[in-house]
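Trainee: Given chain U's structure and the hints, the job is docking chain S onto it.
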Amino acid sequence: MAVFDVFGKRTADDDWTLVGGITAPDPEMALVLAKETHFRHKEGVAYAVRRRGEEELHVGPYDAGVLGGVTDHSYRRQEAYTGVGGRQKRVSRQIQERGLRIDRPRPPGHPSRDTEPDG
Amino acid sequence: MNGDPRLALVLSVADDELVIGHRHSEWTGWAPHIEEDLAFSSIAQDEMAHARLLYGLARAAGLTDRDEDALALGREPAEYHNAVLCERPNGDWGYSVARQYLYDTADSVRLEALASSSWRELADVVNVMRLEETYHVDHARTWFSRLAGGPVTGRQRLADGLSKAIGEAVAVFEPLPDESKLISDGVLPRSSEDLLNEWLGAVGKELEAASLDFVLERHGSVGEMVPTGSGEVRGEEVFSPPGVNRRDGVWIHEGGFAGAGGRRGRHSDDFVPMWEEMTMLYRTHPGARW
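Protein chains in written order, with the working numbering: chain U, 1 to 119; chain S, 1 to 290.
Hints in this document: simulated from the structure, not taken from any laboratory.
A couple of the hints might just be wrong.
[Claimed, not checked] Here are the simulated distance ranges between beta carbons: (1) S:246 to U:43: 38 to 48 Å; (2) U:74 to S:185: 32 to 42 Å; (3) U:72 to S:112: 40 to 50 Å.
[As the list claims (entries may be wrong)] Derived pair list, reagent style EDC-like, types lysine to aspartate or glutamate, alpha-carbon separation capped at 20 Å: (4) U:42 to S:36; (5) S:164 to S:269; (6) U:42 to S:35; (7) U:42 to U:63; (8) U:42 to S:37; (9) U:42 to S:132.
For each residue, glycine too, the CB sits at the ideal point set by N, CA and C.
Pulled out of the complex, with its shape left as it was, chain U reads as follows (with noise of 0.2 Å):
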């Protein structure tokens, strides 16, 4: 297995930028896994692959309308997430006034839910 490191373009004028690496065998599997390692998430416009100590950058086949998909994968992205740990504290405050527990052990460290400060 090689190393490649992998390239992006934010907007379609930027110039490569070196976003991260990956292990791939060969520059065709690269480009395959380089899509959704490091653009699942919308992060580009484009992408290219180059193995590490060569010069030669192959660029991947899959244009900004289709790089992080096309469908609905919001769940995939950091607001998706907006609002969930108020939401969880809701919860715990009607399963409390319920006068039901949820003892499921906290992780070491981790401050109990009857010192937890409220809010």
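Mentor: For chain S alone, coordinates are given in the frame of chain U:
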């Protein structure tokens, strides 16, 4: 079941996508390496998103009053129309790659036909799906060629996977209920048998190029009927031995189908355990929103 044959058509495609997407998602965290883990998980999410689009279309067209969640998770096993191929457990990576290659190349032929459907809303949804399905075929062919090229263990596992999946892949094109009406209305522009032979001819050439066409020869001579665990057999249905054959240099379909019945709600014994897990939360809390 609504009497409009468009519902069976939409559910056949949607349920294929949902069920194979669920199976693909079972590789999350377990794929051969982390890059592939992300790629295959993305494909799983794409497939489920496609199912969601199609379920939404079925309701918007008035074919059902069930919403997307109810269609995806609120039906009984015999109400699912997916092909048996999609519900089989993942097995090893060789089988999963073989199945993804066979399914997505078949799906590509089917979607290309549906893109010219007289039902414009369906054609519009299909054209959205095709934008993502192009990558699925790209992924499948890339893996296919890497495993087919060796080393021996990888090639053998791919060949074993192809041998196991090929018969049920043919049954992706099992004729739909009331298909003649769908064809005469232009909703289904070409018959399932016609699409099957287009797919089989192309896949046959690719298998020959990789010297893996023996999996077709074996299927042609040793086809078997798959026991099904749900759904009723209607008296007018005729079963004939499944098979494929090579004539004038082209692989064609002859006879019936291995693993037939999925389009009519008859599934293998692998379906119900998967359905129980997939629908557990929805069945435990019907109507819950999250």
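Trainee: Confirm or reject each hint.
Mentor: Right, here's what the structure says about each hint:
no.: 1; hint: S:246 to U:43: 38 to 48 Å; result: 47 Å, holds
no.: 2; hint: U:74 to S:185: 32 to 42 Å; result: 35 Å, holds
no.: 3; hint: U:72 to S:112: 40 to 50 Å; result: 23 Å, violated
no.: 4; hint: U:42 to S:36; result: 18 Å, holds
no.: 5; hint: S:164 to S:269; result: 16 Å, holds
no.: 6; hint: U:42 to S:35; result: 17 Å, holds
no.: 7; hint: U:42 to U:63; result: 11 Å, holds
no.: 8; hint: U:42 to S:37; result: 18 Å, holds
no.: 9; hint: U:42 to S:132; result: 14 Å, holds
In the structure shown, a violation is registered for the earlier hint numbered 3 alone.
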